[in-house]
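A.B. asks: Full structure from sequences and hints, please.
Read off the chains here:
Number of protein chains: 2
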Amino acid sequence: MASKPSIPKGTRDFSPTEVAKRHYIMQIIRSNFEKFGFQPIETPSFENSDTLMGKYGEEGDRLIFKILNSGDYLAKANAAHLENKDSIKLTSSISEKALRYDLTVPFARYVVQHQNEIEFPFKRYQIQPVWRADRPQKGRFREFFQCDADVVGSASLWQEVELVQLYDTVFTALGLKGVTVKINNRKILSGIAEVIGASDKLIDFTVALDKLDKIGEDGVKKEMIEKGISQDAIQKVQPLFHFTGTISEKIEKLSQLLASSDEGTKGVAELRFICENSAKLGLSTAILDLDVTLARGLNYYTGAIFEVAPPQSVAMGSIGGGGRYDDLTGIFGLKNMSGVGISFGLDRIYLVLEELQLFPETVTATTQALFINYGDAEALYAMQAMQLLRQAGIKVELYPDNAKMAKQFQHADRRGIPYAVIAAETEIATKSFALKNLATGAQIVVDFECLKAVLLQN
Amino acid sequence: MASKPSIPKGTRDFSPTEVAKRHYIMQIIRSNFEKFGFQPIETPSFENSDTLMGKYGEEGDRLIFKILNSGDYLAKANAAHLENKDSIKLTSSISEKALRYDLTVPFARYVVQHQNEIEFPFKRYQIQPVWRADRPQKGRFREFFQCDADVVGSASLWQEVELVQLYDTVFTALGLKGVTVKINNRKILSGIAEVIGASDKLIDFTVALDKLDKIGEDGVKKEMIEKGISQDAIQKVQPLFHFTGTISEKIEKLSQLLASSDEGTKGVAELRFICENSAKLGLSTAILDLDVTLARGLNYYTGAIFEVAPPQSVAMGSIGGGGRYDDLTGIFGLKNMSGVGISFGLDRIYLVLEELQLFPETVTATTQALFINYGDAEALYAMQAMQLLRQAGIKVELYPDNAKMAKQFQHADRRGIPYAVIAAETEIATKSFALKNLATGAQIVVDFECLKAVLLQN
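Respectively, the protein sequence lines represent chains A and B.
Sequential numbering of the first sequence, starting at 1, is according to the numbering used here.
Sequential numbering of the second sequence, starting at 1, is according to the numbering used here.
Hints in this document: simulated from the structure, not taken from any laboratory.
Positions of the beta carbon are idealized from the N, C-alpha and C atoms, including for glycine.
One or more hints might be untrue.
[As the list claims (entries may be wrong)] Here are the in silico distance ranges between beta carbons for each label pair:
| no. | chain 1 | residue 1 | chain 2 | residue 2 | range |
| --- | --- | --- | --- | --- | --- |
| 1 | B | Ser31 | A | Lys214 | 29 to 37 Å |
| 2 | A | Gln27 | B | Asp50 | 29 to 37 Å |
| 3 | A | Asp376 | B | Asp50 | 51 to 59 Å |
| 4 | A | Val363 | B | Ala439 | 36 to 44 Å |
[To be verified] List of simulated lysine-lysine pairs, DSS-like, C-alpha gap at most 27 Å:
| no. | chain 1 | residue 1 | chain 2 | residue 2 |
| --- | --- | --- | --- | --- |
| 5 | B | Lys9 | A | Lys89 |
| 6 | B | Lys76 | A | Lys85 |
| 7 | A | Lys55 | B | Lys266 |
| 8 | B | Lys201 | B | Lys266 |
| 9 | B | Lys89 | A | Lys9 |
| 10 | B | Lys280 | A | Lys335 |
| 11 | A | Lys335 | B | Lys4 |
| 12 | A | Lys404 | B | Lys335 |
| 13 | B | Lys280 | A | Lys452 |
| 14 | A | Lys266 | B | Lys404 |
| 15 | A | Lys335 | A | Lys55 |
| 16 | A | Lys55 | A | Lys21 |
| 17 | A | Lys89 | B | Lys89 |
| 18 | B | Lys335 | A | Lys4 |
| 19 | B | Lys266 | A | Lys404 |
| 20 | A | Lys76 | B | Lys4 |
| 21 | A | Lys221 | A | Lys211 |
| 22 | A | Lys407 | B | Lys335 |
| 23 | B | Lys280 | A | Lys76 |
C.D. replies: The structure is reproduced here in structure tokens:
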């Protein structure tokens, strides 16, 4: 191979620094998931195709990565589709497996498959990569991690209250203050559709309403009319154009607006329960806000909907989202399993922490001291000390070769290693070590216990 | 979907207990890799096919999972191969990507691709899944994790000494005492081949010699002759049939036996360096042993070869292996990069720890206390306490629904949660909590600080 090797578009190599930062975020998410009683599961990277296909719509089916059958796959290929060169139809006869597209469908499959071993309500979390054949662009990759926490088997709204707490706890632990947890409810959206008398126009309506800040009330109304929403309907939901105030005030407005809709009224009650109890418990650093334009995954969710926006100083889309779904496992034949869950967007959280310089320095702390190599006898003396230092939890390395001093010190410098340990003839004779601070140049001669103490403190 | 869903053969779902145990092993491996100065990298799950194909031999090429191109893949399919229904030849025109087969080739690709950003010698570790279309059987899966540590850019034998230390350190930390780190050297095998005058018979020779314990000296010799190794050759290496004693004694025997081979003599010197320095440093719980029949990956390694056997009480194959390779990155155009590395076999280590009951109980520790749900007012009181307990790092849960007491307690029992916290009208009135030990049935009434203290201690 003559040309320099590369990786597929939309995928990434992660350097040591990047891995350390990503693990830092995952570890905080993981430990807080567990504090809230979520238990980890892991599912295979690929599923049987019929587990995934048809679960994400036509677009999703197209974006699922299919794995070619092993061996003589053409022997079982559908002859007619092969003849017609019909790629789409041929696929199912030459590919039986596919890479998972999200963690939700595999979770539903897991719950149904293992229903007899699971104690419900089942609180699970899952932190694993997913793959999508999307067109790669800034912040969108073909391989990326999802971090999901879901509860199935209980309709209790206390779960929603806890999930708001969980968002607040994780982002507080990450030092990311001032995120906004936006909340809405699918039933409120249904109520609005009912009131405007146009269920099929609901998405057009929320998309237009969402532009209020940008194009003003007149602009929004103009767009709504262009989309076929009547003047009369717009008049009925006029309060949504001045939808300000505290959450309580907003809920009050909605309550009046949706009084004629049973579904809408139910949504208001759910929202009130979640918001009132969240207020009583309090949030550390996050802000809870009601956003009636929030409409993610309309077909999927049936109750509360969540989305998390980063602090306003950062120009970035949502860094988390989720909601309540009444029938997740129904697709695999297990009915009446209400569930609710949230997800953390690892890649975007990474970018936000990077932009705001919120990664603690210790996260990328590498080897603490490099032992300089003066030859085999000295290296053995160094290794004996290193063995004990490592037992004390200290990260140390020996420069592997007896290279020129300048080269060895340069290596420590380029690696960002803070200390060099010099143990040559003189030091060995006195059972000591010269410890050099590579930032200041200061050098002290110490015995082993002192060496250990200094490295433990730094 | 009517039938119960399933997963592809050779893949696995991991339950919460299994995930916890696997993470425990990985965490110990990871933290010790870092103590030894290895830095983590991660590479994409799939690589361009030409990065992987042809690197693992014909058998390997067959076992690599290929990903079908997205969209109208048949439009670019090779017409002749399609016409002839030649599955093998057609593959490259309908599949450009493939799942990684191991971590070594992607690592070599990473080093070459990022050579200008890397400071050499480069000590990297990588813990990620790999995929092989192997026939699944006990202990062999189509998706499994590899845990690799390698150093590239230095020929120093101190690396080999450190890798022996690393094996000892990790297995000691896992509580797995008495593993045998078997060592050999590719140059010694070359020397033996030279001495017996039959390089092409080397594998037959080592395979036969390895059966010494089972079929005895006569049996081994009979097999060697059947394989076409001459009486004369067998006579020349007669000492290998009584190859016992300490490592030093074995090295002495080899030194004499291979005196006529430059390559063999070099191998003996390398082996002596590694073994003597390992002896001077000492091993905590592992045993280092020289095994001249050890011949893993003959074509791949060029110096030391390692393999780790579990304690003799466990019937299980090797739980780790590795060695020195002089030209890993040459396949991607970067010459003269000597490397050496070892791998830990996660799945087998898991089975060994399970069999010997070496997983600490705390590994699978789940939620510490379940708060019983007596209704919304009581739940809010519980949640307020839980919020503070979680801030103190304690894992607690609220039973989500106001279900019958028996059902709630049964849930705690089935989940293995050790405590229930009862906070009903009486407790709320006195700002207290009844804490029930579910194993003993003992119940005490305490204030919040005491509740926290007890849970922190348990």
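A.B. asks: List in ascending order the numbers of the hints, as given earlier, that are violated by the structure.
C.D. replies: 1, 3, 7, 10, 16, 23
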